[in-house]
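Student: Combine the two chains into a complex, taking the hints into account.
The lines below spell out each chain.
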Amino acid sequence: MTNQNHLTNDEVELWAQGLLGASRALHLSDCAACHATAERERKLIIELAQLPQFAPSSDFVGQVMHQVRVPTPSGSQLA
Amino acid sequence: MRRYERPVFSLIYRMVRDRALAEDLAQETFIKVLNGIQSYKPEFKFSSWIFKIANNAAIDHLRRRQLDTLSLDGSPSAMTPEAMSASAPQLGTGAESPLQEVESRELGGQIDRAIARLRPEYRSCILLRHVEGYSYEEIADILSLPLGTVKTYIHRARNELRVHLDAARE
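Those protein sequences? They're chains G and F, same order as listed.
Take 55 as the starting number for the first sequence in this note's numbering and just add one per residue.
Take 26 as the starting number for the second sequence in this note's numbering and just add one per residue.
The following block holds chain F by itself, in its conformation from the complex (with noise of 0.2 angstroms):
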């Protein structure tokens, strides 16, 4: 587990940016690993298997974050002024908490911040293949998509990122 416990927090770290959610998205990982030990199907590599099982995790969050977002207008079925605002999100203050300035510090850098800029499934497969090495193969394996849908959205990310980088450069 101790092999495993950096690339896989990194990778969920990256996907999901909230330090805290990462960790617990990444403890689910590993419960799931571990419990589900007799699961394991050697043919499998066990490294992608423990991948793929922190990218789903990381997907399934997500995609249900996605659901869950409220519009900055308020709930759809508000009719008024009034109840658009009252149903209106709370935006903060605008200062970071502790635990903010870490994550601000640690993804912060251009090339997190062009990552965070993909769409997840972009955003799994370039750091699976240029953070984590896995050949385009594992890849297909660990996402369970077609090699070809793989290789172009590889293609697809690291070129959205060099427009991202360019334009956070000029």
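Excised from the complex, chain G in its bound form (with noise of 0.2 angstroms):
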């Protein structure tokens, strides 16, 4: 196997994700050095894509309105 062959960054990315072609994904059967790469990103892809998201306090939508300018029938716009 050439080094030609090895995946390239994005081909790494995509078999991560399940979306790598199956050609090209033969050759990690290949290439200990590939494989040993692409399992490493697939872990990491998967702890980042797990990450929790945070909720802003109760009041923030409430904080926002009061500060948003509301267009009136007079054109005029009151905060």
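No lab work stands behind these hints: they were computed from the structure.
Treat each hint with caution, since some may be false.
Distance condition first, Cα-Cα at most 16 angstroms in a straight line; then the derived EDC-like pairs of lysine to aspartate or glutamate [what the hints assert, rightly or not]:
{"no.": "1", "chain 1": "F", "residue 1": "Lys70", "chain 2": "F", "residue 2": "Glu162"}
{"no.": "2", "chain 1": "F", "residue 1": "Lys176", "chain 2": "G", "residue 2": "Glu93"}
{"no.": "3", "chain 1": "G", "residue 1": "Lys97", "chain 2": "F", "residue 2": "Glu162"}
{"no.": "4", "chain 1": "G", "residue 1": "Lys97", "chain 2": "F", "residue 2": "Asp191"}
{"no.": "5", "chain 1": "G", "residue 1": "Lys97", "chain 2": "F", "residue 2": "Asp137"}
{"no.": "6", "chain 1": "F", "residue 1": "Lys176", "chain 2": "G", "residue 2": "Asp64"}
Quick list of simulated restraints, FRET-style, between CB atoms [said to hold, decoys possible]:
{"no.": "7", "chain 1": "F", "residue 1": "Asn60", "chain 2": "G", "residue 2": "Gly75", "range": "40 to 48 angstroms"}
{"no.": "8", "chain 1": "G", "residue 1": "Gln107", "chain 2": "F", "residue 2": "Arg89", "range": "33 to 41 angstroms"}
{"no.": "9", "chain 1": "F", "residue 1": "Arg88", "chain 2": "G", "residue 2": "His60", "range": "33 to 41 angstroms"}
{"no.": "10", "chain 1": "G", "residue 1": "Gln71", "chain 2": "F", "residue 2": "Glu126", "range": "34 to 42 angstroms"}
{"no.": "11", "chain 1": "G", "residue 1": "Gln107", "chain 2": "F", "residue 2": "Pro171", "range": "23 to 31 angstroms"}
From the three backbone atoms N, C-alpha and C, an ideal C-beta is built for every residue, glycine too.
Tutor: Spelled out as structure tokens, the structure:
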């Protein structure tokens, strides 16, 4: 296997997401280096995707709306 | 707004790592969005537009903070050890406030600590790509960066993250 056949960064990411074509993915069964890289990449991508989202405080929307200009029929805008 | 408040707040929070500040910047983001809705261009994805404003708010803050950073040795104009000591910032006692405890709990995991060590541009890219799930093209739009730069940043960010995580887990 020559270096030219190693997976590119984009291909490694596609494989980690299950989106790489079967013909290119076959390379992983022949190349221990690419396989190790791809596995590490897959684990990292899964960890990142599982990070939790955080909620702002419960009065967040109210505080925002308090500062938004609301158009009125006369054209003036109230805070 | 309810649909975007968590993802926008989470992005900013992970960028600045300060809950109260993240809340201020997220508010600033939504106020800009709602007050500037007439300037929204429909050819741009609406969520991308919001994230662009949110990311700009976080990056602007981080740049300002970098400018404001005072050396731990005190003012650069201090000429004597006494003057240096007098102008040096006072460090905390090490005890955490309740809010800091929440922040430690929320952002104290290995992966979040590794993300915090990335430079801000890499942090934005990695969060938008792998936490928010944006495509490379969308990230290039959001960050106003060439597509090739976005790819390079994300690749380097993942490499750096792996290095930090490997070191933390050894």
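Student: State for each hint whether it applies.
Tutor: Quick rundown of the hints versus the structure:
At roughly 12 angstroms between alpha-carbon atoms, F/Lys70 and F/Glu162 fall within 16 angstroms of each other, so this suggested pair holds. Between F/Lys176 and G/Glu93 the CA atoms are separated by roughly 20 angstroms; this puts the pair beyond 16 angstroms, and the hint is violated. Distance restraint check for G/Lys97 and F/Glu162: the Cα-Cα separation of roughly 24 angstroms exceeds the 16 angstroms cut-off, and the hinted pair is therefore not satisfied. In summary, the hint linking G/Lys97 to F/Asp191 is supported, as the alpha carbons are separated by about 12 angstroms, within the 16 angstroms threshold.
Proposed proximity of G/Lys97 and F/Asp137 is supported: the alpha carbons are some 15 angstroms apart, at most 16 angstroms. About 9 angstroms separates the Cα atoms of F/Lys176 and G/Asp64, which keeps this hinted pair within 16 angstroms; it holds. A hinted range of 40 to 48 angstroms holds for the C-beta pair F/Asn60 and G/Gly75, which are about 47 angstroms apart. At about 26 angstroms, the CB distance of G/Gln107 to F/Arg89 disagrees with the hint of 33 to 41 angstroms.
Checked against the hint of 33 to 41 angstroms, the C-beta distance between F/Arg88 and G/His60 comes to roughly 38 angstroms, which is consistent with it. Roughly 36 angstroms separates the CB atoms of G/Gln71 and F/Glu126, a value that falls within the hinted 34 to 42 angstroms. One distance hint, 23 to 31 angstroms for the beta-carbon pair G/Gln107 and F/Pro171, holds here, with the actual separation near 29 angstroms.
Taken one by one, the earlier hints fail for this structure at numbers 2, 3 and 8, listed in ascending order.
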